[in-house]
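*Asks:* Each chain, letter by letter, is given below.
Protein chains: 2
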Amino acid sequence: MNRQSLQRHLSTLSAVLVLVLGTAAGPAAAAEKGMMDIIKEVAKEKGVLGVASFDAQGNLALPEGYRQWVFVGAPVTPNDMNDGKAAFPEFHHVYIDPGSFKQYQETGKFRDGTVIVKELVSVGAKKGASGNGYFPGEFTGLAVSVKNSVRFANEPGNWGYFGFDAENGKSLLPTAKAQPTEACSPCHLKNAAQDLIFTQHYPVLRAAKPK
Amino acid sequence: MNRQSLQRHLSTLSAVLVLVLGTAAGPAAAAEKGMMDIIKEVAKEKGVLGVASFDAQGNLALPEGYRQWVFVGAPVTPNDMNDGKAAFPEFHHVYIDPGSFKQYQETGKFRDGTVIVKELVSVGAKKGASGNGYFPGEFTGLAVSVKNSVRFANEPGNWGYFGFDAENGKSLLPTAKAQPTEACSPCHLKNAAQDLIFTQHYPVLRAAKPK
Chain W
1 MNRQSLQRHL
11 STLSAVLVLV
21 LGTAAGPAAA
31 AEKGMMDIIK
41 EVAKEKGVLG
51 VASFDAQGNL
61 ALPEGYRQWV
71 FVGAPVTPND
81 MNDGKAAFPE
91 FHHVYIDPGS
101 FKQYQETGKF
111 RDGTVIVKEL
121 VSVGAKKGAS
131 GNGYFPGEFT
141 GLAVSVKNSV
151 RFANEPGNWG
161 YFGFDAENGK
171 SLLPTAKAQP
181 TEACSPCHLK
191 NAAQDLIFTQ
201 HYPVLRAAKP
211 K
Chain S
1 MNRQSLQRHL
11 STLSAVLVLV
21 LGTAAGPAAA
31 AEKGMMDIIK
41 EVAKEKGVLG
51 VASFDAQGNL
61 ALPEGYRQWV
71 FVGAPVTPND
81 MNDGKAAFPE
91 FHHVYIDPGS
101 FKQYQETGKF
111 RDGTVIVKEL
121 VSVGAKKGAS
131 GNGYFPGEFT
141 GLAVSVKNSV
151 RFANEPGNWG
161 YFGFDAENGK
171 SLLPTAKAQP
181 TEACSPCHLK
191 NAAQDLIFTQ
201 HYPVLRAAKP
211 K
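Residue numbers (the numbering used here), protein chains in the order written: chain W, 1 to 211; chain S, 1 to 211.
These are computed hints drawn from the structure, not numbers from a lab.
Wrong hints could be hidden among the right ones.
Same chains, same names: a pair is fine if it fits in one copy or spans any two.
Unchecked claim - With a cut-off of at most 20 angstroms between alpha-carbon atoms, the simulated PhoX-like pairs for lysine-lysine come out as follows:
(1) Lys127 - Lys170
(2) Lys102 - Lys126
(3) Lys211 - Lys177
(4) Lys211 - Lys190
(5) Lys190 - Lys127
(6) Lys126 - Lys190
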């Protein structure tokens, strides 16, 4: 961090402090505003809000920056091992949002607000310098699940599922509506090792779980 | 961020500010100390130091927290597709340190100081709810490469290579010494798409590269 960015940080921090610590010295209005900020921050920390962003119609916005979240595992179900029609072709890059990963490290549970991203990637090659196998090609699709006990109060495990693939099969939609319960939950409920998440395929989560 | 952690942040920040901004008001010694800190910070930002940590004998310390770095791709070269003896069995989880990823997003180049981690994972299953394929099992090994124009001035691309697998094949060593040039560089030099890095197998890097 250089001096300029330090100064920027300090300036931001001061503004936040005025809001949050305003309760100590300020008048009633400032105290109330300060308290709301504290509540919001605590709610965010507890995962009540999380990183998922919904619009007024309940559509989920395409998550941003998920390729810098915590990667948990990459199963590959290639088309050529599934009669040309894998359910999710082909590599699945699976990520969890960093705040929920931190909570998982501490509690071994998926907190309210957890966001899991599954990005699909084609097989680009079956031979490389390191041998025969499957090597990732190009991004082909994106699916997201969000655990939210308020929005998905009646869904198994309180998970909502969203697909972001455009019909042209080439681009991603900016928002997606929740899939009907029968589309995803039954398979997750039956086959996933923990709380509808396929932790049996995610060594990073298994290693992070408290013993 | 709740009030307590805000206060912790402020306390840390104040300590840093005293060091870095000490140049403005302090005596000559403080000014010199402040300047050294600024130089170190700038050097770190520019990747001259990076996240790699070497001991006095030039051994690299096992990187920490790499499972929260930026994942770039996971080729799989299963033993059963390589006569039971893949060169790097079997999944390869490949990560880049976040600061160097940021630079790569801006410049399309691997900065001096870049650290790439390749964590090896066994195949745990060949069948899952999503179909036939390869599903990750357990962690089995770790290799690291570090780009450093001073330490590896005579190595191709200034990359040094390190293996952290203990002889028992079960644990990781706390430090590792650089591999001889012929162990890794020739294959990387001949086959890797960019600066001895196999970007052809890493869709996250290809997508991050400026057009």
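*Asks:* Hints the structure violates: just list their numbers, smallest first.
*Replies:* 1, 2, 3, 4
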